[in-house]
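Line order of the protein sequences matches chains A and B.
Per our numbering, residue 1 is the first one in the first sequence, and the count goes up by one each step.
Per our numbering, residue 1001 is the first one in the second sequence, and the count goes up by one each step.
Keep in mind that the hints were calculated from the coordinates and are not lab data.
All of these numbers come straight from a predicted model, not from anything done at the bench.
Watch out, some of these pointers could steer you wrong.
[Unchecked claim] Covered stretches of chain A (chain B as the covering partner; in silico rule of three or more C-beta atoms under 8 angstroms from a C-beta of chain B):
1. 185-194
2. 229-241
[Said to hold, decoys possible] Taking lysine to aspartate or glutamate and the EDC-like style, the derived pairs with C-alpha atoms no more than 20 angstroms apart in a straight line are:
3. LYS1046(B) x GLU240(A)
4. LYS280(A) x GLU1007(B)
5. LYS1046(B) x GLU201(A)
[Claimed, not checked] Simulated restraints, written as ranges between beta carbons of each label pair:
6. LYS112(A) x THR1029(B): 50 to 56 angstroms
7. ALA1021(B) x GLU188(A): 36 to 42 angstroms
8. ASN1026(B) x GLU174(A): 24 to 30 angstroms
9. ALA1028(B) x LEU190(A): 52 to 58 angstroms
10. VAL1045(B) x PRO44(A): 38 to 44 angstroms
11. ASP1047(B) x ILE207(A): 18 to 24 angstroms
12. PRO269(A) x MET1001(B): 26 to 32 angstroms
13. PRO311(A) x VAL1045(B): 30 to 36 angstroms
Note that beta-carbon positions come from the ideal geometry of N, C-alpha and C, so glycine has one too.
What follows is the residue order along each chain.
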Amino acid sequence: MQEMTQQIRESAKRLLEQGQVDCVLGYRKGTVPMQERPFFAYTPEDADQLVWTRFCVNNLANFLIGRQDRIAVVAQGCVSRNIVGLIQEKQLTREQVYVLGVHSPGMVDRGKVQEHFPNRVIHSVEEDGEELVVSGADFSERIKVRDVKRNNCYTCTHRNAVIHDELIGEQGKETGGGNMDKVAAPWEKLSPEERWERLEETFKDCIRCYACRDVCPLCYCNQCFVDENQPQWCGKTVEETDVLTFHLLRAFHCAGRCTDCGACESACPVGIKMRMLTSKLEKDIRELYDYSPGLDLESTPPLSVYRPEDPEPFASG
Amino acid sequence: MEYVGIEPGRLHFSWISSSEAGEFQNKATEVVEAVRALGPAKRLVKDIRPEEAEAG
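Chain A extracted, bound-state conformation:
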């Protein structure tokens, strides 16, 4: 990862010095462990702050929306897929974005790391190959990365950037090793009553902070439906119906667009697993339309076009 960091810095410096781009979007070290921050480097000196670690969980595509300048961006598989999605949705042009393609080794879920150290404050986490060295005031222990990866990284299907103008490091293994079909839509086997119980349980802690929406590269509406007052589509309280309405509607808005980047789960301060919902939509789109979002600039997202042969499993006749 150190080498990747060096290469990202070198490429960023070169691009900025030669004036090929106006800025380079990447990650820099966070102020607390395991939370790298999105970072815009505008000068070659800024580029020295760029890093590439296993804690780069924000989806940088989110910061490209509506930009007019020419911008280079560090993109692993999911981020590059969202860039493709934004170009398809005309939020960005292919010409203005210079993709520094990186291979994602699978990112770490900081919540899972913290679970290994209950009631202890983690001061620093260093990477050492396939292990993490977790240190606090009176302890220093090693844990295996594979035990604390984010759930969506286990079932990743595209770890390499799907488009790139320049490769950082070498391309690597494409999948995370998990089988998406085994974990997608986990409630399908349950009865309606059990499904409802799981839904209530999953979202019961939501405080409506909208972090999931704000980090999502799909949620770029100028005014979100939850913020609208006239008409008011959704109540603004943390009462169950309001919370569920928000999450259900947001999930629907992402159907056929979600790349399962996991930014929503990583951003959630109370650890809600939104993928319980979004994985169902991903699965439906894959099975009904044989489509996975953000893989091909030339393709048309299935829900933005009508075709006479579109499947209609909902129509009872």
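Chain B: place on chain A using the hints.
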């Protein structure tokens, strides 16, 4: 919506042209009957009335 536990039969989708009055009427009757059979909705229903005080 069925995936999250809304009862099958409460939510209906169909494709009816504005010229198909008979089809529309049939569908409306079918939907009303299906939903009536399920009884009042309990899910995604907001009740903002304060809890009734214990009778005492």
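Exercise for the section: Please test the hint of 50 to 56 angstroms on the beta carbon pair from LYS112(A) and THR1029(B). Expected result: 53 angstroms, holds
Handout entry: Outcome for the supplied range 30 to 36 angstroms, where the beta carbon pair is PRO311(A) and VAL1045(B)
Key = Holds: the Cβ-Cβ distance is about 31 angstroms, inside 30 to 36 angstroms.
Handout entry: Cβ distance range 52 to 58 angstroms for ALA1028(B) and LEU190(A), holds or violated
Key = 31 angstroms, violated
Handout entry: C-beta pair ASP1047(B), ILE207(A): status relative to the range 18 to 24 angstroms that was hinted
Key = Hint holds: Cβ distance 21 angstroms, inside 18 to 24 angstroms.
Handout entry: Satisfaction of hint between GLU1007(B) and LYS280(A), Cα-Cα up to 20 angstroms
Key = 17 angstroms, holds
Problem - Proximity test - 8 angstroms, beta-carbon atoms, the region 185-194 of chain A to chain B, at least three hits - result: holds (count 6)
Exercise for the section: Could you see if the CB distance from PRO269(A) to MET1001(B) stays within 26 to 32 angstroms? Expected result: 28 angstroms, holds
Problem - Pairwise hint evaluation, GLU240(A) against LYS1046(B), where the allowed Cα distance is 20 angstroms at most - result: Holds, because 8 angstroms separates the two Cα atoms, which is no more than 20 angstroms.
Practice task
Determine whether the Cβ-Cβ distance between ALA1021(B) and GLU188(A) falls within the hinted range of 36 to 42 angstroms.
Solution key: 38 angstroms, holds
Exercise for the section: Measure nothing beyond the straight line between the CA atoms of LYS1046(B) and GLU201(A); if it is 20 angstroms or shorter, mark the hint as holding. Expected result: 17 angstroms, holds
Practice task
Hint says 24 to 30 angstroms; check whether the CB-CB distance for ASN1026(B) and GLU174(A) agrees.
Solution key: 51 angstroms, violated
Problem - Cβ contact check, 8 angstroms cutoff: the region 229-241 of chain A against chain B, three residues minimum - result: Answer holds; 3 residues pass the 8 angstroms Cβ test.
Checked against the numbered hints above, the structure breaks hints 8, 9 and 10 and satisfies the rest.
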